[in-house]
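Spelled out from the first residue to the last, the chains are:
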Amino acid sequence: MERLRELIRYRELVRNLVARDLKARYKSSVLGFLWCLVNPLLMMAVFTVVFTVLMPNDIEKFPVFILCALLPWNLFSSTVMGSVGSIVDNAHLIKKVYFPREVLPISTVLSNLVNFLLALVVLFAVLFAFRVRLTPWALLLPALILIQVIFTLGLSLILSTLNVFYRDTGIIMETVMLAWFFLTPIFYRMEDLVPRYARLMYWVNPMASIISSYRVILYSGASPALDFLARTFVTALAFLVAGYLFFGRYSRVFGEEV
Amino acid sequence: MATALGFEKVSKRFIIHHQRPRSFQELTVGFFKRNNASREELWALRDVSFAVERGQTLGIIGPNGSGKSTSLKLITRILEPTSGGIAVNGKVSALIELGAGFHPDLTGRDNVFLNGSILGMGRREMKQKFDEIVEFTELGRFIDMPLKHYSSGMQMRLGFAIATSVDPDILLIDEVLAVGDEAFQRKCLRRIGDFRRRGKTIVFVSHGLDVVRELCSEVIWLDGGVVRGRGGADEVIAQYLRDIGEEASLEQAIQSEEAEQMAAVEEEVGQAVEEPPAEAAPQPPSRWGSREVEITRVEFLDGRGNPCDTFRTGERMLARVHYVAHQRIERPVFGVAIYRSDGIHVSGPNTKASDYEIDYLEGEGSIDYIVEPLPLLEGEYQFSAAVYDYPCTRPYDHHERMYSFEVRQGRVKDAYGVFYIPCEWRLRRGN
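Chains A and B, in that order, are what the protein sequence lines are. Just so you know, numbering that gives the first Met the number 0 puts 36 at position 37 of the first sequence, and the rest follows in order with no gaps. Just so you know, numbering that gives the first Met the number 0 puts 77 at position 78 of the second sequence, and the rest follows in order with no gaps.
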């Protein structure tokens, strides 16, 4: 509790770090922040060319299909890769000033979230362009985003701590994230899998349930599997609590280990 | 009085891994090799206990690696103690690393807000303090320029201003005063003085013993992670100096910094420190000080007022120290010192010790040091002249052994020793 109260006292630092992150990301490029709009469109185009021209399939409105999954996935992977090194990269700060260390991964998560929210504008534009009719189920979107952020934050806290003690966590994670990308229904449907594996995937991969829920509520306009979603939420919370405790236990020695 | 800060049997151990497995591969290989020889323990602090009352200014002194900085880092919670407890009552601000987290691409203004938030301040609080901070730094319009165009001095000033604007209950200071120009240092000292007057608690870590003596009521002397001494500043510093003095004579190597400090201390105290002849060796001339007042030259004049550099025992000697004060200086203290050419410190008087109070200096002038009759015996002598602030802790200008004069035999026929001490002889025969 004490730690949480302290964290709230440092909210201004979180805000400044997020702002610094965003400024730094777009400052030196010509298109600036437009990139967070253009980039998803370009990726959508690449996937569409590959999976409709080179490897045709029977998925309707493929650009919408892919974008609904790709954006949340990008949020996840860029957050994880960004926060793995968030402690080590800020060693100069950690050795010199005290502040609640969780501020660092939290601000990485939040700055990526801001990026994602901006990119949602593109998603809705594409939904509109392809005449996808939104249903009230789309109102579940904030809840979905929340579940994803909780899960990602929990994972980030664990990975950023591990990286302090074993610096190759970051390198391993690159491969892990690639595998994770293929093992999550992003450019394919869950139904395309052998049913046995599909069920396994739902069980062990919270991202599979989160990503397909995005697609169900936006692309299909249907009800997501609420029981699965509820379980994913519990899993995400468990990750956050575990991550927070793990981080809290080891962040005391960050000052001498980074 | 309430305790602001308490150390209760605090120990801090660092584990130095000469070949720390930083990757899984090394870890696996190390597991099979069973190689634990590369681990070394280092106790930076061992069972250190002390308490600081609210409003007290505590100094921590000791050689490098004695655990001074570790203590401060424990107080700020950058490090956690291995065992023992630390109680901190109040808000802490540390002048340890000024401007930690400064971002070179952001403007001074943005950095003020970023740095302030790193120190735990809210946005509204920072807005209130912003003008005061800018005023203190004297940066003016530079505040809206990217930090990378600032000089290091400007960055220092900004960092100091932010760190002290936190309005802490406990202020930790680590050697920061060693950086920045003299004018800035004085400004910092003044602000630290303000804190003290307002009843804040200050913990001050420094090698600069004169500053410690000036600021601190109580001093802790750390050596190798344990408390070697604790008590009044003068007493503990004297103990410490004696200790490093002994060590130095053992090793036959005094670090120049310490030597300078010792020389300065002698001058400040205004008394000759007894030096055994073995240690009294001629030293090269040197000069230091903050130069608000400068000593421009020293003239030696004989009894008729003519310049000369040779005197006779028993005659009048006058040393005229010319100065120029670049600003009004309140209550300065002038001092001189005479050394024989073999290094013996013959005398070291100053105006304060002689109860000759000078209320202020302004512009150019001179002060005469007159000795009549001159008691020195034949020989060559070196002469130092210095001007200090009233507590004799801050040298404005110190000319150490930069001048010399000669003494020849006069009417007095004495030839052995240093002084002619007027005396009578009385002989009795019988009983």
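Hints listed in this document are in silico derivations from the structure and should not be mistaken for laboratory results. None of the values given here were measured: they were computed from a predicted structure. Some hints could be false.
[To be verified] SDA-like cross-link-like pairs, simulated, lysine to any residue; straight-line CA separation at most 20 Å: (1) B:Lys90 to B:Pro62; (2) B:Lys90 to A:Glu1; (3) B:Lys90 to A:Arg10; (4) A:Lys22 to B:Lys147; (5) A:Lys94 to B:Arg197; (6) B:Lys351 to B:Arg327; (7) B:Lys126 to A:Arg10; (8) B:Lys128 to B:Ala50; (9) A:Lys95 to A:Ser77; (10) A:Lys94 to B:Lys186; (11) B:Lys126 to A:Ile7; (12) A:Lys95 to B:Lys412; (13) A:Lys60 to A:Ser76; (14) B:Lys147 to B:Arg197; (15) B:Lys126 to A:Tyr165; (16) B:Lys186 to B:Arg53; (17) A:Lys22 to B:Arg197; (18) A:Lys94 to A:Tyr165; (19) A:Lys94 to A:Lys22; (20) A:Lys94 to B:Lys126; (21) B:Lys90 to B:Asn63; (22) A:Lys22 to A:Ile7; (23) B:Lys8 to B:Thr75; (24) B:Lys147 to A:Ile7; (25) B:Lys90 to A:Ile7; (26) B:Lys90 to B:Phe194; (27) A:Lys95 to B:Lys8; (28) B:Lys90 to A:Tyr97; (29) B:Lys8 to B:Ala86; (30) B:Lys128 to A:Arg10; (31) A:Lys60 to A:Leu126; (32) A:Lys26 to A:Leu36; (33) B:Lys90 to A:Arg8; (34) B:Lys412 to B:Glu314; (35) B:Lys90 to A:Arg4.
[To be verified] Covered stretches of chain A (chain B as the covering partner; in silico rule of three or more C-beta atoms under 8 Å from a C-beta of chain B): (36) 89-99; (37) 105-111.
[What the hints assert, rightly or not] Not the full set, but computed from the structure, chain A residues with beta-carbon under 7 Å of chain B: (38) Asn15; (39) Tyr187; (40) Met189.
Note that CB positions come from ideal geometry on N, CA and C, so glycine has one too.
Hint check:
At most 20 Å may separate the alpha-carbon atoms for a hinted pair to count; Lys90 (chain B) and Pro62 (chain B) exceed this at roughly 29 Å. Only pairs whose Cα atoms come within 20 Å are accepted, and Lys90 (chain B) paired with Glu1 (chain A) is accepted, the gap being roughly 15 Å. Between Lys90 (chain B) and Arg10 (chain A), the direct Cα distance comes to roughly 17 Å. Compliance with the 20 Å bound is thereby established for this hinted pair. Proximity of Lys22 (chain A) to Lys147 (chain B) is assessed by CA-CA distance (about 17 Å); at most 20 Å being required, the pair is judged to hold.
For a cut-off of 20 Å, the pair hint linking Lys94 (chain A) to Arg197 (chain B) is broken: about 30 Å separates their Cα positions. Taking the CA atoms of Lys351 (chain B) and Arg327 (chain B), the gap is about 19 Å. The hint holds against a cut of 20 Å. A hinted pair counts as satisfied when its Cα atoms are at most 20 Å apart, and Lys126 (chain B) with Arg10 (chain A) qualifies at roughly 16 Å. Distance hint between Lys128 (chain B) and Ala50 (chain B) is unfulfilled; the C-alpha atoms sit about 32 Å from each other, more than 20 Å.
Taken as a hint, the Lys95 (chain A) and Ser77 (chain A) pair is broken in the structure, with Cα atoms around 28 Å apart against an allowance of 20 Å. For the proposed pair Lys94 (chain A) and Lys186 (chain B), the alpha carbon gap of about 27 Å is over 20 Å, so the pair is violated. Taken as a hint, the Lys126 (chain B) and Ile7 (chain A) pair is honoured in the structure, with Cα atoms around 19 Å apart against an allowance of 20 Å. Of the pairs offered as hints, the one joining Lys95 (chain A) and Lys412 (chain B) is violated, with about 68 Å between alpha carbons and a cut-off of 20 Å exceeded.
Between Lys60 (chain A) and Ser76 (chain A) the CA atoms are separated by roughly 25 Å; this puts the pair beyond 20 Å, and the hint is violated. Distance check on the hinted pair: Lys147 (chain B) and Arg197 (chain B) sit about 35 Å apart at the alpha-carbon level, beyond 20 Å; violated. Between Lys126 (chain B) and Tyr165 (chain A) the alpha-carbon distance is near 41 Å, which puts this suggested pair outside the 20 Å criterion. This hinted pair does not check out: Lys186 (chain B) and Arg53 (chain B) have alpha carbons roughly 24 Å apart, beyond 20 Å.
The hinted pair formed by Lys22 (chain A) and Arg197 (chain B) fails the criterion: a straight-line CA distance of about 40 Å is larger than 20 Å. Taken as a hint, the Lys94 (chain A) and Tyr165 (chain A) pair is honoured in the structure, with Cα atoms around 18 Å apart against an allowance of 20 Å. Taking the CA atoms of Lys94 (chain A) and Lys22 (chain A), the gap is about 25 Å. The hint is violated against a cut of 20 Å. Distance check on the hinted pair: Lys94 (chain A) and Lys126 (chain B) sit about 27 Å apart at the alpha-carbon level, beyond 20 Å; violated.
Of the supplied pair hints, the one linking Lys90 (chain B) and Asn63 (chain B) is violated, its CA atoms being roughly 28 Å apart against a limit of 20 Å. Taken as a hint, the Lys22 (chain A) and Ile7 (chain A) pair is broken in the structure, with Cα atoms around 23 Å apart against an allowance of 20 Å. Restraint check for Lys8 (chain B) and Thr75 (chain B): the C-alpha separation of about 17 Å stays at or below 20 Å, so the hint holds. Between the alpha carbons of Lys147 (chain B) and Ile7 (chain A) the distance comes to roughly 31 Å, so the proposed pair goes past 20 Å and is violated.
Between Lys90 (chain B) and Ile7 (chain A), the direct Cα distance comes to roughly 16 Å. Compliance with the 20 Å bound is thereby established for this hinted pair. Taking the CA atoms of Lys90 (chain B) and Phe194 (chain B), the gap is about 13 Å. The hint holds against a cut of 20 Å. Of the pairs offered as hints, the one joining Lys95 (chain A) and Lys8 (chain B) is violated, with about 24 Å between alpha carbons and a cut-off of 20 Å exceeded. Annotation: proposed proximity of Lys90 (chain B) to Tyr97 (chain A) holds, straight-line Cα distance about 12 Å (limit 20 Å).
The straight-line distance between the Cα atoms of Lys8 (chain B) and Ala86 (chain B) is roughly 12 Å, inside the 20 Å bound, and the hint therefore holds. At roughly 18 Å between alpha-carbon atoms, Lys128 (chain B) and Arg10 (chain A) fall within 20 Å of each other, so this suggested pair holds. For the hint pairing Lys60 (chain A) with Leu126 (chain A), the CA-to-CA distance comes to about 10 Å; that is within 20 Å, so the pair holds. For the proposed pair Lys26 (chain A) and Leu36 (chain A), the alpha carbon gap of about 15 Å is at most 20 Å, so the pair holds.
A C-alpha spacing of about 13 Å is found between Lys90 (chain B) and Arg8 (chain A), which places the hinted pair at or below 20 Å, so the restraint holds. Of the supplied pair hints, the one linking Lys412 (chain B) and Glu314 (chain B) holds, its CA atoms being roughly 13 Å apart against a limit of 20 Å. Only pairs whose Cα atoms come within 20 Å are accepted, and Lys90 (chain B) paired with Arg4 (chain A) is accepted, the gap being roughly 15 Å. Beta-carbon proximity to chain B at under 8 Å applies to 8 residues in the segment 89-99 of chain A; the threshold of 3 is reached and the given coverage holds.
As drawn, the segment 105-111 of chain A meets chain B at 0 residues by the rule of a beta-carbon pair under 8 Å; below three, the given contact is violated. For the restraint placing Asn15 (chain A) at the interface with chain B, the shortest Cβ-Cβ distance is roughly 5 Å, inside the 7 Å limit, so the hint holds. Annotation: interface hint on Tyr187 (chain A) violated; nearest CB of chain B at approximately 32 Å, more than 7 Å. Because the closest C-beta pair between Met189 (chain A) and chain B is about 33 Å apart, greater than 7 Å, the hint is violated.
When held up to the earlier numbered hints, the structure conflicts with 1, 5, 8, 9, 10, 12, 13, 14, 15, 16, 17, 19, 20, 21, 22, 24, 27, 37, 39, 40 and fits the remainder.
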